[in-house]
Amino acid sequence: EADIYQTPRYLVIGTGKKITLECSQTMGHDKMYWYQQDPGMELHLIHYSYGVNSTEKGDLSSESTVSRIRTEHFPLTLESARPSHTSQYLCASSTLGGRTYNEQFFGPGTRLTVL
Amino acid sequence: SQQGEEDPQALSIQEGENATMNCSYKTSINNLQWYRQNSGRGLVHLILIRSNEREKHSGRLRVTLDTSKKSSSLLITASRAADTASYFCATGLSSGGNEKLTFGTGTRLTIIP
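Residue numbers (the numbering used here), protein chains in the order written: chain A, 1 to 115; chain B, 1 to 113.
Just to be clear, a hint being listed does not mean it is correct.
As the list claims (entries may be wrong) - 35 Å max Cα-Cα, derived DSBU-like pairs, lysine-lysine: (1) 57(A) <-> 100(B); (2) 18(A) <-> 57(A); (3) 100(B) <-> 69(B); (4) 100(B) <-> 70(B); (5) 57(A) <-> 69(B); (6) 70(B) <-> 57(A); (7) 69(B) <-> 26(B); (8) 56(B) <-> 26(B); (9) 26(B) <-> 100(B); (10) 17(A) <-> 57(A); (11) 69(B) <-> 17(A); (12) 56(B) <-> 69(B); (13) 70(B) <-> 26(B); (14) 70(B) <-> 18(A); (15) 100(B) <-> 56(B); (16) 18(A) <-> 26(B); (17) 57(A) <-> 26(B); (18) 56(B) <-> 70(B).
Unchecked claim - Here chain A is said to cover these stretches of chain B; the calculated rule only asks that three of the stretch's residues, wherever they fall, bring their Cβ under 8 Å from a Cβ of chain A: (19) 39-53; (20) 103-112.
These are calculated hints, taken from the structure and not from any lab test.
Model, not experiment: these values are computed from the prediction.
A virtual CB, placed ideally from N, CA and C, is assigned to each residue, including glycine.
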C-alpha cells in the first residue's frame, strides 16, 4: 500500500469559500502531482512539482494554486470555490527518475462538491 | 484529442474469461504504464513497459507494445470478480530530464460472477 494520504476524502462546500486539499506522502518522493478527474473520465494533470519550491502548471488549466514548502506536503488551494470546480482531485508522487521510468503512487482522492 | 485512447470504453465478461483492453497513442513515448482504479478510489500501478520492449508479464497480466502502430494491449487472464475496475493506460515522455504521464480515457471492466 502506497503511503500517500489525502484529506478530506469528501468535501461539500458552498460557492465562494476558500478550500485547501491536503496531500502528504511518507515515501520521500521528490515529484508530486495533482490530477482532476470527473466521474468515469480520464485524469487531467493540473499541477506538478519536482521538489521543494518547485511548482508547475499542468496540461489542464486550473484556477487552483499549489505550494511545495516541504518535500512530503503538496497542498492545493482554491481561493473561491465554484460549482465548476466540482470533481475528484487525485494526488500522486513518484521518485525523481530522469531517464529512469517510475510508477506514480496515488492517494485515495478528494471528492469535492461545490453547491 | 487524447494522447491515449482506450478501447473498448466498457467491457463485461464472465468470471474466468480473459479480458483484453487496447490503448492507442499519438506521439513518441519512453514507456507505457497501465493503472487500475476501483470506483471512487485512487489509481494503482499495474505494469510498465519500456519503448524498447514488446511484451511483458506480471502474474495474470500480459502487456504488449507495438511502437510502429502506437498501440498497447492489456490482457487479464482467468478474470476474477475482484478485477472489476477501470483500467487506464498512461504514456510517459521525458522532457528536460523529467517525465510526465498522460492518461487515456480508460476501460471500465465488469466481471460477472
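Hint-by-hint comparison with the structure:
Proposed proximity of residue 57(A) and residue 100(B) is supported: the alpha carbons are some 12 Å apart, at most 35 Å. Of the pairs offered as hints, the one joining residue 18(A) and residue 57(A) holds, with about 20 Å between alpha carbons and a cut-off of 35 Å not exceeded. Proximity of residue 100(B) to residue 69(B) is assessed by CA-CA distance (about 22 Å); at most 35 Å being required, the pair is judged to hold. For the hint linking residue 100(B) to residue 70(B), the alpha-carbon distance of about 18 Å falls within 35 Å, and the restraint holds.
As the CA atoms of residue 57(A) and residue 69(B) are separated by approximately 31 Å, the hinted pair is consistent with the 35 Å bound. Under the criterion of a C-alpha separation no larger than 35 Å, the hint pairing residue 70(B) with residue 57(A) is consistent with the structure, at around 27 Å. Restraint check for residue 69(B) and residue 26(B): the C-alpha separation of about 9 Å stays at or below 35 Å, so the hint holds. At most 35 Å may separate the alpha-carbon atoms for a hinted pair to count; residue 56(B) and residue 26(B) meet this at roughly 21 Å.
Proximity of residue 26(B) to residue 100(B) is assessed by CA-CA distance (about 15 Å); at most 35 Å being required, the pair is judged to hold. Among the hinted pairs, residue 17(A) with residue 57(A) is consistent with the structure: their alpha-carbon atoms are about 22 Å apart, no more than 35 Å. This hinted pair does not check out: residue 69(B) and residue 17(A) have alpha carbons roughly 48 Å apart, beyond 35 Å. Restraint check for residue 56(B) and residue 69(B): the C-alpha separation of about 17 Å stays at or below 35 Å, so the hint holds.
About 7 Å separates the Cα atoms of residue 70(B) and residue 26(B), which keeps this hinted pair within 35 Å; it holds. Under the criterion of a C-alpha separation no larger than 35 Å, the hint pairing residue 70(B) with residue 18(A) is inconsistent with the structure, at around 43 Å. Under the criterion of a C-alpha separation no larger than 35 Å, the hint pairing residue 100(B) with residue 56(B) is consistent with the structure, at around 22 Å. Our distance criterion of 35 Å between C-alpha atoms is broken by residue 18(A) and residue 26(B), whose separation comes to about 38 Å.
Distance hint between residue 57(A) and residue 26(B) is fulfilled; the C-alpha atoms sit about 22 Å from each other, no more than 35 Å. Taken as a hint, the residue 56(B) and residue 70(B) pair is honoured in the structure, with Cα atoms around 16 Å apart against an allowance of 35 Å. Taking a C-beta to C-beta cut-off of 8 Å, the segment 39-53 of chain B contributes 8 residues in contact with chain A, enough for the three needed, and the coverage statement holds. A count of 5 residues in the segment 103-112 of chain B with a Cβ less than 8 Å from any Cβ of chain A is obtained; the coverage claim is therefore met, three being the minimum.
Against the hints set out earlier in the document, violations occur for numbers 11, 14, 16.
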